[in-house]
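Read top to bottom, the protein sequences are chains B and P. Quick note on numbering: the working numbering labels position 372 of the first sequence as 372, and the sequence is numbered without any gaps. In the working numbering, each residue carries its 1-based index in the second sequence increased by 1000.
No lab work stands behind these hints, which were simulated from the structure alone. No residue lacks a Cβ here, since even glycine has one placed at the ideal position from N, Cα and C. Mixed in with the good hints, there may be bad ones.
Here are some of the chain B residues that sit facing chain P, going by a computed Cβ distance under 10 Å [as the list claims (entries may be wrong)]:
#	residue
1	Lys20
2	His32
3	Gly134
4	Pro137
5	Val139
6	Ser147
7	Glu276
8	Val291
9	Gly298
10	Val311
11	Ala312
12	Thr328
13	Leu329
There are 2 protein chains.
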Amino acid sequence: MEKTGVALVGMGTVGAGAAKLLLDQGDRTARHAGRTLWLTHVVVQDAKKARNIDLPNGVLTDDLQVLLDDESVKVVAQLVGGIEPARTIMLQLLESGKDVVTANKALLAEHGPELFDRARQLGRSIAFEASVAGGIPIVANISQCLSANQIQSIRGILNGTSNYIISRMDRDGADFATALASAQELGFAEPDPTMDIDGSDAAQKLAILAHLAFGARINWQDFPRRGIDSVDSTDIEYARRLGYRIKLIAYARLLPVGLQLVVAPMLVKQGKPLAEVRENFNALSIVGDAVGPVFFHGQGAGQMPTASAVVADMIDTAVGRTKITFKTLELWSDGHARVDIAPPGELMGRFYMRFDVMDTPGVLGQIAGRLGKHGISIASVYQHEPDPDKRQTVPVVIVTHRASEADASRAIKQIAELPTVGDQPERFRILD
Amino acid sequence: MEKTGVALVGMGTVGAGAAKLLLDQGDRTARHAGRTLWLTHVVVQDAKKARNIDLPNGVLTDDLQVLLDDESVKVVAQLVGGIEPARTIMLQLLESGKDVVTANKALLAEHGPELFDRARQLGRSIAFEASVAGGIPIVANISQCLSANQIQSIRGILNGTSNYIISRMDRDGADFATALASAQELGFAEPDPTMDIDGSDAAQKLAILAHLAFGARINWQDFPRRGIDSVDSTDIEYARRLGYRIKLIAYARLLPVGLQLVVAPMLVKQGKPLAEVRENFNALSIVGDAVGPVFFHGQGAGQMPTASAVVADMIDTAVGRTKITFKTLELWSDGHARVDIAPPGELMGRFYMRFDVMDTPGVLGQIAGRLGKHGISIASVYQHEPDPDKRQTVPVVIVTHRASEADASRAIKQIAELPTVGDQPERFRILD
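So here's chain B without its partners, still in its complex pose (with noise of 0.2 Å):
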């Protein structure tokens, strides 16, 4: 049988789950790519640290350039995390004529630009599916499956250590900083979680998506986001209530106005699959003109799921696929974007608020009276009773109807000028 020398930069977790699919499973990838993929080189810092895994003699080095000159190997992973040295030793990879696979979204949420017209003037290809929902297989299902539909939405759990948090806080009543402890306990969330609680992770993987789906040129920082870390569980807990539960959502969806992109904490009606999403499981929900809603689910991270995505890749490349789907789909490339981001403030929907409010006569009309003064209807309130034990405010809890983000902003900033109604009212969207 045809061997292809492949390859490995980078050998942390995810690196050690494709060295194990690679060398304990190699029949099963030689079935799938009609040839053997020969794990010829994982290339590390540190050749010498102790590893959980057992490479064949003479696979470790931590000399790249070892694996730049040998002309046998064609297929590299490339696992190295972060934007600098994953950037470089991505280009050396490519100019050295290997084809590459990545999971670092964060690169290409950064340098996607750079590195896809790179490999593109080399003739190289890159394959990026478990940049995006680990072992869910988005980037594909929306590069080549659906490609006879234009995608008119996505709807995403795409960050995995927010769902955890916040279904924990859901669940058990827990406050942010109690669940996020128990995350890092467990392990579903880094020592340092910036990234993933301030919505970042689920920015960069959104605006990776949305050139996928359609060819939206747009760095993750330019459009609105805000992460789990200031969803209070006061508000899960009146969500739940009103029969909704909150969940970071990564949503973009095409209208008239152009491409609507937001990652936030939002409403999602309990029962609709987005909203049972438990753990650090990932999920989309997407729509094409033909063929509707479809609707994946599985694990978003993790060392095997995404080493799944990974040796797939790596299969894809090695067979030839990944070559055909990069050069036709012109990713990245410097044709002008096919959509415009549309105006944020006249995107429409549904909100629920919340202001804590002196239990005074009249505060609810008040409230009511400049909501519609912006043509903002009211769907249902709910105003809990005085809790005798605390200060003498009440929270008051409104969904509304349809209504423009900008009105909306405008109403809530309104209210809070109220000296009945404190000053820091709260706001969700409602996923439609």
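We have chain B already, so just place chain P on it with the hints.
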């Protein structure tokens, strides 16, 4: 831009949908294919019949030979249903040098080996995403996106007609005949629904998936199959009270004793994703050893969802990806089957059993005794009070712990021989 000639044979619902996508969305397909897919021929039986779709002049023909002779046409979607003349047309297309796309699962289930072997001999390819689960791209996901995995199990709702009928029975308490009539009225069931409601359609699809996922070469008639036509609304009601829904499940699982394959109505725990699949939707839960569980949900039939799969396959074929996949996977090749089919009797599972018993003392003890004699222990029992208006029997519903199929069958047979027990006990598996 480069042009690839494409054609359709058959212009029913799906054919008209595919024609619409090719004609109205040419820019889109060109963007994904890197070339224009140029619809040159639509071959039908009767070219004079009035149709809902405007085709360009000269495209419609009732002469297949014109298409066979046109060397500029490389990709043909063969959308004629049934076995003949579909099989002959397929062979003629392959022999005249066309790569073929099809949605005809019955043809593949019956003649897959012959057609695939012929395609291979001729250096041609067959793509068949649309043959299973309509708009859900499950063929590509199993054979390509999850290729780093050993698939361990498939649990699917693959027949939308059955799911619509049984959902109606569950929601409205309708009996089978009423629900079927309503499905026919709404177009969710064919005038002759036999293949859908007796489980044949789901079994054909499962046979195709089992081949892709496990390398099993098995005829769809060679594993246990039961449809929803035998499901009594009584059992749907009891199942609901016990916390389950009855769904028609296509089930494949790799076990140490071999591959278990079955299509049958089973009890699915409420809240599990497969239990919540409504209307005519399809869904699959697939477990891979690396990726873990992945869940897919979408439209399993209908004009545009199926056309979405057909046109995606035409794009894949035009760009060359199908050729690679077809060649490396060696589907239905003469090689040995990679798995044996497990002996049905040895398979373990939990069961729902319903006995109609005389309302006399000691019956439950007798039933429990006979179950116990076969090593079957009882997880829960539901016994109804007798209905004073009806005959003097009462249903006893039992949910068992794990037991083998053989033991369950023997125990049920012996229980039905008791003079106090009716001779038509009911039994369903509980989905694990």
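Verification of the hints:
1. The interface hint given for Lys20 (chain B) holds, since its Cβ lies 9 Å from the closest Cβ of chain P, which is under the 10 Å cut-off.
2. For His32 (chain B), the shortest C-beta to C-beta distance to chain P is roughly 4 Å, which falls under 10 Å, so the interface hint holds.
3. For the restraint placing Gly134 (chain B) at the interface with chain P, the shortest Cβ-Cβ distance is roughly 8 Å, inside the 10 Å limit, so the hint holds.
4. The beta carbon of Pro137 (chain B) is positioned within 10 Å of a beta carbon in chain P (closest approach about 3 Å), and the interface hint is therefore held.
5. Checking Val139 (chain B) against chain P: minimum C-beta separation of about 9 Å stays under 10 Å; hint holds.
6. Hint status for Ser147 (chain B): holds, given a least beta-carbon distance of 4 Å to chain P, under 10 Å.
7. Checking Glu276 (chain B) against chain P by beta carbon gives a least distance of about 8 Å; that is within 10 Å, so the hint holds.
8. Interface hint status for Val291 (chain B): upheld, as the beta-carbon distance to the closest one in chain P is roughly 4 Å, under 10 Å.
9. Of the supplied interface hints, the one on Gly298 (chain B) holds, with its beta-carbon coming within about 4 Å of a beta-carbon of chain P, less than 10 Å.
10. Checking Val311 (chain B) against chain P by beta carbon gives a least distance of about 4 Å; that is within 10 Å, so the hint holds.
11. Against a cut-off of 10 Å between C-beta atoms, the interface hint on Ala312 (chain B) holds, since the closest Cβ of chain P lies about 5 Å away.
12. For Thr328 (chain B), the interface hint holds, since its Cβ comes within 10 Å of a Cβ in chain P; the closest pair sits about 3 Å apart.
13. Hint on Leu329 (chain B) holds. Least Cβ distance to chain P is approximately 7 Å, under the 10 Å limit.
The earlier numbered hints are all upheld by this structure, with none contradicted.
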